[in-house]
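Number of protein chains: 2
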Amino acid sequence: MTTKKNDPRVMRTRQLLQDSFTSLIREKDFKDITVRDITEKATVNRATFYAHFADKYELLDFTITNTFRDYLRQRLNCHDVFNQESITNILLIMCDYHKDLSSRCQRSYQSLRPIIESKIIEELQNVIFHLLLKGNKNTSFLDDDRELLKTISTLLSWSIYGAAYTWNNDGRKISAEELISKTIPIIMNGVGKLIS
Amino acid sequence: MTTKKNDPRVMRTRQLLQDSFTSLIREKDFKDITVRDITEKATVNRATFYAHFADKYELLDFTITNTFRDYLRQRLNCHDVFNQESITNILLIMCDYHKDLSSRCQRSYQSLRPIIESKIIEELQNVIFHLLLKGNKNTSFLDDDRELLKTISTLLSWSIYGAAYTWNNDGRKISAEELISKTIPIIMNGVGKLIS
DNA sequence: GCTGAAATGTTGTTTAAACAACATTTCTAA
DNA sequence: TTAGAAATGTTGTTTAAACAACATTTCAGC
Numbered sequence: 001m002t003t004k005k006n007d008p009r010v011m012r013t014r015q016l017l018q019d020s021f022t023s024l025i026r027e028k029d030f031k032d033i034t035v036r037d038i039t040e041k042a043t044v045n046r047a048t049f050y051a052h053f054a055d056k057y058e059l060l061d062f063t064i065t066n067t068f069r070d071y072l073r074q075r076l077n078c079h080d081v082f083n084q085e086s087i088t089n090i091l092l093i094m095c096d097y098h099k100d101l102s103s104r105c106q107r108s109y110q111s112l113r114p115i116i117e118s119k120i121i122e123e124l125q126n127v128i129f130h131l132l133l134k135g136n137k138n139t140s141f142l143d144d145d146r147e148l149l150k151t152i153s154t155l156l157s158w159s160i161y162g163a164a165y166t167w168n169n170d171g172r173k174i175s176a177e178e179l180i181s182k183t184i185p186i187i188m189n190g191v192g193k194l195i196s
Numbered sequence: 001m002t003t004k005k006n007d008p009r010v011m012r013t014r015q016l017l018q019d020s021f022t023s024l025i026r027e028k029d030f031k032d033i034t035v036r037d038i039t040e041k042a043t044v045n046r047a048t049f050y051a052h053f054a055d056k057y058e059l060l061d062f063t064i065t066n067t068f069r070d071y072l073r074q075r076l077n078c079h080d081v082f083n084q085e086s087i088t089n090i091l092l093i094m095c096d097y098h099k100d101l102s103s104r105c106q107r108s109y110q111s112l113r114p115i116i117e118s119k120i121i122e123e124l125q126n127v128i129f130h131l132l133l134k135g136n137k138n139t140s141f142l143d144d145d146r147e148l149l150k151t152i153s154t155l156l157s158w159s160i161y162g163a164a165y166t167w168n169n170d171g172r173k174i175s176a177e178e179l180i181s182k183t184i185p186i187i188m189n190g191v192g193k194l195i196s
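Going down the list, the sequences are from chains X and B. Going by full-length UniProt numbering, the first sequence opens with residue 1, and the numbers climb by one from there. Going by full-length UniProt numbering, the second sequence opens with residue 1, and the numbers climb by one from there.
Hints in this document: simulated from the structure, not taken from any laboratory. Don't take every hint at face value.
Stated by the list, open to error - DMTMM-like, lysine to aspartate or glutamate: derived pairs with alpha carbons at most 25 Å apart: (1) X:Lys5 / B:Glu40; (2) B:Lys41 / X:Asp19; (3) X:Lys4 / B:Asp7; (4) X:Lys41 / B:Asp19; (5) B:Lys41 / X:Asp70.
All chains, please: the whole structure from these sequences, using the hints.
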């Protein structure tokens, strides 16, 4: 079966599985959720599950990537360019995201973290990279330039993710705004000269 | 295609079509709703629509019957027997139903009425018949008895439907409770001696 | 450790949904 | 009135979902 991912049936099935999973993750720890649970709630045959995902980890990846992408899109202005404002916004978004996730997945937040971390950062890295690209549209594009932007977006995505995660995990002892005012100068200092 | 109606795919498709239709009926008059509109909103192929329903009228029937049945089930105690209390309750339910329907289908209420009327009454008739049956469980069942109960439920369903419809359509100049106190005595008088 | 039950994957077959293409009817506006 | 656009039905083919049956792994309780 060479599942065309634009077939309405395929999209529906994936959506049903994703919805079912998001609903289950509110109630149970990830490790206690079985494939059977997921497919039953989704009213999808178990064999169909395996036609789409290797196992529940792959569905987790899919779900996390999707919802996080939506989350970003919703709160990011599509005309945004890389600057202090947009990076500040992203840090704020990441703070909220961790806050939301940890409350929405009470049962699983800790066990999920190591699994989803890389996906989130990857997505974040991508967004930042594209912000950087847009800011440099007119300049000629040597491979070296691209590499530099890649490096910057890697560093930024990890540091922003890490800052927000640590803030949330340590109990949010300061406000998100305080965190931002402490963190952003350092971040922007680091890349300031490179991209001006 | 001999559509087994307990296949999850079949149930899902019908539900999607029904939901799409209920949503469209809020916005548009029934006559302005095309089969294409329905299937597009439901993300179901148009040909699939015709595998389930002959035309939009059949979907209307299906939807009305379904939602009305749910509406009744929700507000009717399953232990109810035929008596003044349960019939009063049914009249009240029918008043609410007409009130709801006329507000929810502003665009179509008048054009829908003649089409759905028979389905609603049929359903109502069924419910009342079963209430009557339960009340007479122990007595021996001659065909003549059944016929009498049939006749009673026909009369009651039409009169109750008619009373509620007229009340709603004339602008609800009295409260539902007033309507009930005026109507129920007459209704119960008519059948009173027959079923005691 | 051993056993049986539950969960996980896998496979072949059947069935319903998607799709494209077509003929027919109904509307609409020039 | 008439041309063409849109909506309605219909059909044959392709594809994905459902299903049942199976082997394999995991795991809890004895």
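Right, here's what the structure says about each hint:
no.	hint	in the structure
1	X:Lys5 / B:Glu40	holds (18 Å)
2	B:Lys41 / X:Asp19	holds (19 Å)
3	X:Lys4 / B:Asp7	holds (23 Å)
4	X:Lys41 / B:Asp19	holds (19 Å)
5	B:Lys41 / X:Asp70	holds (22 Å)
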